[in-house]
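The whole structure should be built from the sequences, with the hints applied where relevant.
As a plain string of letters, each chain reads:
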Amino acid sequence: MRILVVEDEPALSHQLEQSIGGAGYAVDCAADGDQADFLVRTESYDAVILDLGLPCVDGLTLLRNWRDAALTVPVLVLTARGSWHERVKGIDDGADDYVTKPFQMEEVLARLRGLIRRANGQPRPTLTCGSVTLDPRLARVTRDGGTVKLTSHEFRVLSYLMHNHDRVVPQRELIDHIYAHDADRDSNTVEVFIARLRRKLGAGAIETVRGLGYRIGA
Amino acid sequence: MRLHSLRARLLLSSVLWTVGLLFVSVVPFTLLLEQQSRQHVAMLLHRFVQSPVVIAIAVSCMAAGLVLARGGLATVDTLRLRLNRLRTGRERRVDGSYPVELQPLVDDLNTLLDHREQAIQRAIARAGDLAHGLKTPLAILAQEAQHARSAGQHELADAIAHQVERMARQMDYHLAQARAVASGTTGGAQSSVKESADGLARALLRLHAAQRITMDVQVPDDVMVRAQREDLDEMLGNLLDNACKWGRATVVVRLDAIDAPEDGPASPPGSVTIVVDDDGDGIVPHLREAVLQRGVRADQAAPGSGLGLAIVRDLAELYGGSIGLCASPLGGLQARLSLPRAESHARPTPEDTPRTA
Numbered sequence: 001m002r003i004l005v006v007e008d009e010p011a012l013s014h015q016l017e018q019s020i021g022g023a024g025y026a027v028d029c030a031a032d033g034d035q036a037d038f039l040v041r042t043e044s045y046d047a048v049i050l051d052l053g054l055p056c057v058d059g060l061t062l063l064r065n066w067r068d069a070a071l072t073v074p075v076l077v078l079t080a081r082g083s084w085h086e087r088v089k090g091i092d093d094g095a096d097d098y099v100t101k102p103f104q105m106e107e108v109l110a111r112l113r114g115l116i117r118r119a120n121g122q123p124r125p126t127l128t129c130g131s132v133t134l135d136p137r138l139a140r141v142t143r144d145g146g147t148v149k150l151t152s153h154e155f156r157v158l159s160y161l162m163h164n165h166d167r168v169v170p171q172r173e174l175i176d177h178i179y180a181h182d183a184d185r186d187s188n189t190v191e192v193f194i195a196r197l198r199r200k201l202g203a204g205a206i207e208t209v210r211g212l213g214y215r216i217g218a
Numbered sequence: 001m002r003l004h005s006l007r008a009r010l011l012l013s014s015v016l017w018t019v020g021l022l023f024v025s026v027v028p029f030t031l032l033l034e035q036q037s038r039q040h041v042a043m044l045l046h047r048f049v050q051s052p053v054v055i056a057i058a059v060s061c062m063a064a065g066l067v068l069a070r071g072g073l074a075t076v077d078t079l080r081l082r083l084n085r086l087r088t089g090r091e092r093r094v095d096g097s098y099p100v101e102l103q104p105l106v107d108d109l110n111t112l113l114d115h116r117e118q119a120i121q122r123a124i125a126r127a128g129d130l131a132h133g134l135k136t137p138l139a140i141l142a143q144e145a146q147h148a149r150s151a152g153q154h155e156l157a158d159a160i161a162h163q164v165e166r167m168a169r170q171m172d173y174h175l176a177q178a179r180a181v182a183s184g185t186t187g188g189a190q191s192s193v194k195e196s197a198d199g200l201a202r203a204l205l206r207l208h209a210a211q212r213i214t215m216d217v218q219v220p221d222d223v224m225v226r227a228q229r230e231d232l233d234e235m236l237g238n239l240l241d242n243a244c245k246w247g248r249a250t251v252v253v254r255l256d257a258i259d260a261p262e263d264g265p266a267s268p269p270g271s272v273t274i275v276v277d278d279d280g281d282g283i284v285p286h287l288r289e290a291v292l293q294r295g296v297r298a299d300q301a302a303p304g305s306g307l308g309l310a311i312v313r314d315l316a317e318l319y320g321g322s323i324g325l326c327a328s329p330l331g332g333l334q335a336r337l338s339l340p341r342a343e344s345h346a347r348p349t350p351e352d353t354p355r356t357a
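Protein chains in written order, with my numbering: chain W, 1 to 218; chain U, 1 to 357.
Do not rely on the hints blindly, as some may be mistaken.
[Stated by the list, open to error] Simulated coverage check for chain W against chain U, where a stretch passes if three residues somewhere in it have a Cβ under 8 angstroms from a Cβ of chain U:
no.: 1; segment: 10 to 23
no.: 2; segment: 83 to 92
no.: 3; segment: 174 to 187
Source of the hints: derived by calculation from the structure; they are not laboratory data. Quick caveat, the model's predicted, so the values are computed rather than measured. Virtual Cβ for every residue (Gly too), placed ideally from N, Cα, C.
The following block contains the structure:
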């Protein structure tokens with residue numbers, strides 16, 4: 001799962017990157033409207049955390065443009081503008097959730113999880129496929145009740161596949177959703193992660209659909 | 001015929017009055033001549049006076065003069081009435097057309113009002129910038145407190161977190177106040193209850209998506225209250241947000257009673273009572289008054305600002321309305337927000353139409 005944080009205050013941006021990264025997501029940061037617009041239009045994100053008062057293009061204009069261009073990425077607005085009139089406007093302009101500053105990091109993380117879950121049509125907070133259960137709240141994976149230790153990249157691969165269970169996920173798409181923008185991307189490493197996940201979760205946990213990609217059954 | 005000059009109107013009315021008076025005064029003059037036995041002249045005048053047409057013309061000249069003069073002075077009364085509506089905040093400009101002698105004065109007054117409104121809007125925008133500019137540093141401080149807590153410095157973390165929350169609440173409260181005081185002075189605003197409630201319902205269903213609450217908005221389309229849309233949203237938003245937080249499954253918004261506006265320009269118009277019901281646990285009676293006070297919360301552990309209901313109360317009172325809490329038929333809390341009803345634009349009262357001849 002890959003998140004874009006759009007925030008012009010460097011200290012807050014850094015704090016968000018640390019906390020969201022620590023919760024098992026790949027995180028990119030944008031400090032102004034133009035950069036955010038470019039990243040959203042060229043990269044694949046599972047959610048965007050958007051500040052409204054931004055240099056270059058303000059957040060609400062960005063959001064309206066994205067929705068007009070049929071970009072459906074879930075957007076959590078994180079802003080100082082807390083009046084109800086502004087909240088209604090934010091939601092009507094296409095925000096999926098709205099949190100006002102100052103905020104509790106746990107609340108932002110909880111709302112982010114809910115947003116991604118609902119965007120993928122998952123009604124329950126934990127994901128279960130066969131004997132494997134993934135709890136995004138604790139970034140924890142269990143197999144038959146026992147905790148399985150995963151590296152952050154392995155967790156992201158498994159999380160993305162489980163959020164998109166029963167669907168064949170092409171390798172290219174998987175790479176787009178597990179690496180941050182500036183990370184070194186190598187399709188061979190995805191094969192390595194899949195191999196390690198199979199070792200930890202059982203050989204049948206992830207299916208390779210030859211020439212198309214990977215799939216996890218329900 | 002419309003006469004836009006007060007001077008011309010008064011001149012014409014005095015001429016008409018004088019001509020009418022002249023004709024009528026022929027009657028005693030004729031009697032006088034008859035008495036002095038100037039039969040020849042008197043006969044002629046007698047015939048002239050006896051003609052009903054002449055008498056009718058004379059009387060209608062006088063009547064027209066009277067009407068013209070009264071009409072001219074009535075525009076001054078209209079102006080006074082409109083200034084009164086301006087002062088009580090029911091209008092924000094002086095509308096209507098006035099005699100050419102008064103129009104420049106009215107135009108100047110309107111320009112002055114526009115300038116003042118712009119100055120207030122700028123001041124409000126600055127206050128907003130100040131509050132918003134401070135909230136990002138506060139957000140950073142709150143995260144630092146979290147770090148301090150992870151590092152084992154619990155007392156420091158609690159102190160920072162507590163103060164950050166206090167500062168944020170103070171900012172929200174005073175910003176809402178400043179905005180409302182300013183809109184109270186500009187006046188003339190009216191907002192649709194239905195539009196506000198619908199927008200808030202859309203937003204709140206998203207914000208409380210995890211709770212699966214159903215929100216039932218039973219408000220007719222055409223009900224307007226005398227308040228700025230921002231302030232109505234703030235009042236109703238706080239009430240509905242509380243209802244969603246505490247309600248189990250259902251929140252209902254409806255209107256209680258719409259009093260018809262009473263006759264007369266000076267009498268206050270009726271009020272609209274917006275009722276918000278939830279099916280939560282409610283608030284015990286002795287705490288209901290307390291939660292409307294500044295900084296008091298029914299449950300200190302609940303998320304959100306304890307100033308929410310205090311903001312609603314202050315805003316409502318600023319607009320001459322009120323807020324009350326009682327038990328809801330749904331089992332939870334019922335909030336009753338009364339606001340002055342705005343007169344509909346579609347039905348102007350007779351006093352609203354400018355008087356012209």
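Status of the hints after comparison with the structure:
no.: 1; hint: 10 to 23; in the structure: holds (count 4)
no.: 2; hint: 83 to 92; in the structure: holds (count 8)
no.: 3; hint: 174 to 187; in the structure: violated (count 0)
This entry does not satisfy hint 3, going by the numbered hints stated previously; all others are met.
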